[in-house]
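Engineer: Construct the entire structure; sequences and hints are all you get.
Spelled out from the first residue to the last, the chains are:
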Amino acid sequence: MIIHHPLLGPCDAQEFTYMGDARLIDRPDGMAEGSDAAFHDYAYLRENPAGEHRELWFHEQGDRSWLVVTRNTLTHEITQVELARDVARKQGRSR
Amino acid sequence: MRYSGFRVLKEALTGHKGWRPVWRDPDPQPHYDIVIVGGGGHGLATAYYLARQFHQHKVAVIEKGWIGGGNVGRNTTIIRSNYLLDGNEPFYEFSLKLWEGLEQDFNYNAMVSQRGILNLIHSDAQRDAFTRRGNAMILNGADAELLSAQQVRRTYPFLNFNDARFPIKGGLAQRRGGTVRHDAVAWGYARGADRRGVDILQNCEVTGFRIENGKCLGVETSRGFIAAGKVGVAVAGNSSRIMAKAGMRLPIESHVLQAFVSEGLKPVLPGVITFGAGHFYCSQSDKGGLVFGGDIDGYNSYAQRGNLPVIEDVAEGGMALFPGLGRVRLLRAWGGIMDMSMDGSPIIDHTPIDGLYFNGGWCYGGFKATPASGWCFAHLLATDTLHPTATAYRLDRFQRGRMIDEKGMGAQPNLH
Numbered sequence: 101m102i103i104h105h106p107l108l109g110p111c112d113a114q115e116f117t118y119m120g121d122a123r124l125i126d127r128p129d130g131m132a133e134g135s136d137a138a139f140h141d142y143a144y145l146r147e148n149p150a151g152e153h154r155e156l157w158f159h160e161q162g163d164r165s166w167l168v169v170t171r172n173t174l175t176h177e178i179t180q181v182e183l184a185r186d187v188a189r190k191q192g193r194s195r
Numbered sequence: 005m006r007y008s009g010f011r012v013l014k015e016a017l018t019g020h021k022g023w024r025p026v027w028r029d030p031d032p033q034p035h036y037d038i039v040i041v042g043g044g045g046h047g048l049a050t051a052y053y054l055a056r057q058f059h060q061h062k063v064a065v066i067e068k069g070w071i072g073g074g075n076v077g078r079n080t081t082i083i084r085s086n087y088l089l090d091g092n093e094p095f096y097e098f099s100l101k102l103w104e105g106l107e108q109d110f111n112y113n114a115m116v117s118q119r120g121i122l123n124l125i126h127s128d129a130q131r132d133a134f135t136r137r138g139n140a141m142i143l144n145g146a147d148a149e150l151l152s153a154q155q156v157r158r159t160y161p162f163l164n165f166n167d168a169r170f171p172i173k174g175g176l177a178q179r180r181g182g183t184v185r186h187d188a189v190a191w192g193y194a195r196g197a198d199r200r201g202v203d204i205l206q207n208c209e210v211t212g213f214r215i216e217n218g219k220c221l222g223v224e225t226s227r228g229f230i231a232a233g234k235v236g237v238a239v240a241g242n243s244s245r246i247m248a249k250a251g252m253r254l255p256i257e258s259h260v261l262q263a264f265v266s267e268g269l270k271p272v273l274p275g276v277i278t279f280g281a282g283h284f285y286c287s288q289s290d291k292g293g294l295v296f297g298g299d300i301d302g303y304n305s306y307a308q309r310g311n312l313p314v315i316e317d318v319a320e321g322g323m324a325l326f327p328g329l330g331r332v333r334l335l336r337a338w339g340g341i342m343d344m345s346m347d348g349s350p351i352i353d354h355t356p357i358d359g360l361y362f363n364g365g366w367c368y369g370g371f372k373a374t375p376a377s378g379w380c381f382a383h384l385l386a387t388d389t390l391h392p393t394a395t396a397y398r399l400d401r402f403q404r405g406r407m408i409d410e411k412g413m414g415a416q417p418n419l420h
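So the protein lines, in turn, are chains A and B.
When you read off a place in the first sequence, starting at 1, and then add 100, the result is the number in the numbering used here.
When you read off a place in the second sequence, starting at 1, and then add 4, the result is the number in the numbering used here.
Accuracy of the hints is not assured; some may be wrong.
Unchecked claim - Derived Cβ-Cβ restraints for the label pairs, each shown as a range:
no., chain 1, residue 1, chain 2, residue 2, range
1, B, 133, A, 177, 38 to 44 Å
2, A, 108, B, 228, 49 to 55 Å
3, B, 335, A, 110, 30 to 36 Å
4, B, 283, A, 110, 24 to 30 Å
5, A, 102, B, 233, 49 to 55 Å
6, B, 328, A, 108, 40 to 46 Å
7, B, 143, A, 179, 49 to 55 Å
What the hints contain is simulated information worked out from the structure, not anything from laboratory work.
Bear in mind the structure is a predicted one, so any value in this text is a computation, not a measurement.
Ideal Cβ positions, reconstructed from N, Cα and C, are used throughout, including at glycine.
Structural biologist: Have a look at this one:
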């Protein structure tokens, strides 16, 4: 698989480490009421769809950026690649 | 029709005109006591033991394609019970004992061959770990034997003993392990279940569950609604897709695992060997092909085919261990979809929905577990209690901190 890195251009997927569902960006508030249940769902449960899947890839052997890759789990076709930083900021996370 | 030597002789003399299909192709009935979703090894074994052991006869197995068309025909056919943890080892040893009597039990030649499995040791630390594992196996009634490098060399003289980086320092052998003809397992269970009145409904896809007031009343299928007292789901690889129809999210990701077979060779490999310094394992099929595999590809996939980096990695592992492999041509490579769970161990349990039961999360160890998985799931469906060897495989164990993590990798499914 070739991942089209937004900054570096086409890169071999072998350079990356796979982290799974991009919802791992949405870390729950540990101080909130009922956060133990929220953290169980966050850490252990997955949507695991057959089809389009947004997922985190870490460019470990490259520029060490985190990417959100939209990939079809039935065909392995990649349709969108974003910097995870941009995705998180758009959702109002981080500074 | 029972199979026997006499029967084969009689058919040989009468032109083989007496053989009949060994399971029926019935139309769905409107109601069953128990419906099993998934006509793979585990689903068919569940139906077989429900009928044979728990005297349930109004049972149906629903399969969207043809029986045995999924992972039961895509694995590398190895059976063993060499686990470490208390939650696992008694279950897998129960499974190995069932394999030992299986062919007589269901009167079908599954070619169970206890040719032994050998996990190679390449460092002192690994010897300590395997010694501990061997002791855990013996404590649970399994067999285990620690071999020296000399003993390994006697059986496997062609392995690379001169590898400076990964010297072979010995091995942990389980002589009762081995291989089984995997398709015959599905067919044998299907025939055994059918003979006891189980309806096997092929080309019948589950499109949804009918759930009212927290109780599952049956399944909606491509061949109409089928009412059921209890519904058991055994569709590993596709568990998340099916259980999503019941509104559940699972602690599972689906990953692709590749396997390979070489051209047919004369007998060269007497048992199953695994490389301890990389991920590579190999056995020789009765047709002569070397059957081998390694790691999963490592990303979510439902594609039943993998990519080249893993093929390269497996080939490198094979060459490091078994240099003669370089002269052998690869015949076929394929992929199967695994339920990779969050601790690398399976789930056989009730669900929060009344009357709906779940069996899945087998990672890439489902084939060896087929008989025990079927027996324990049948036990759960028939008696509503957990089988004594499968009490740890609970769906809520992540919530309670009761993980069964053989590798100690945590909630990262592609590392198990």
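Engineer: Is the hinted range of 49 to 55 Å satisfied by the C-beta distance from residue 102 (chain A) to residue 233 (chain B)?
Structural biologist: holds (51 Å)
Engineer: Residue 143 (chain B) and residue 179 (chain A), beta-carbon distance inside 49 to 55 Å?
Structural biologist: holds (52 Å)
Engineer: Take a look at whether the Cβ-Cβ distance between residue 335 (chain B) and residue 110 (chain A) falls inside 30 to 36 Å.
Structural biologist: Roughly 33 Å apart at Cβ, these two residues keep to the hinted range, so it holds.
Engineer: Measuring from beta carbon to beta carbon, are residue 283 (chain B) and residue 110 (chain A) in 24 to 30 Å?
Structural biologist: For residue 283 (chain B) and residue 110 (chain A) the Cβ distance comes to about 28 Å; the hint holds.
Engineer: Is 38 to 44 Å a correct range for the gap between the Cβ atoms of residue 133 (chain B) and residue 177 (chain A)?
Structural biologist: holds (41 Å)
Engineer: Range first: 49 to 55 Å. Now tell me if the beta carbons of residue 108 (chain A) and residue 228 (chain B) are that far apart.
Structural biologist: holds (54 Å)
Engineer: Does 40 to 46 Å hold as the CB distance between residue 328 (chain B) and residue 108 (chain A), or does it fail?
Structural biologist: At 41 Å between Cβs, range holds.
Comparing the model with each earlier hint shows no violations; every hint is respected.
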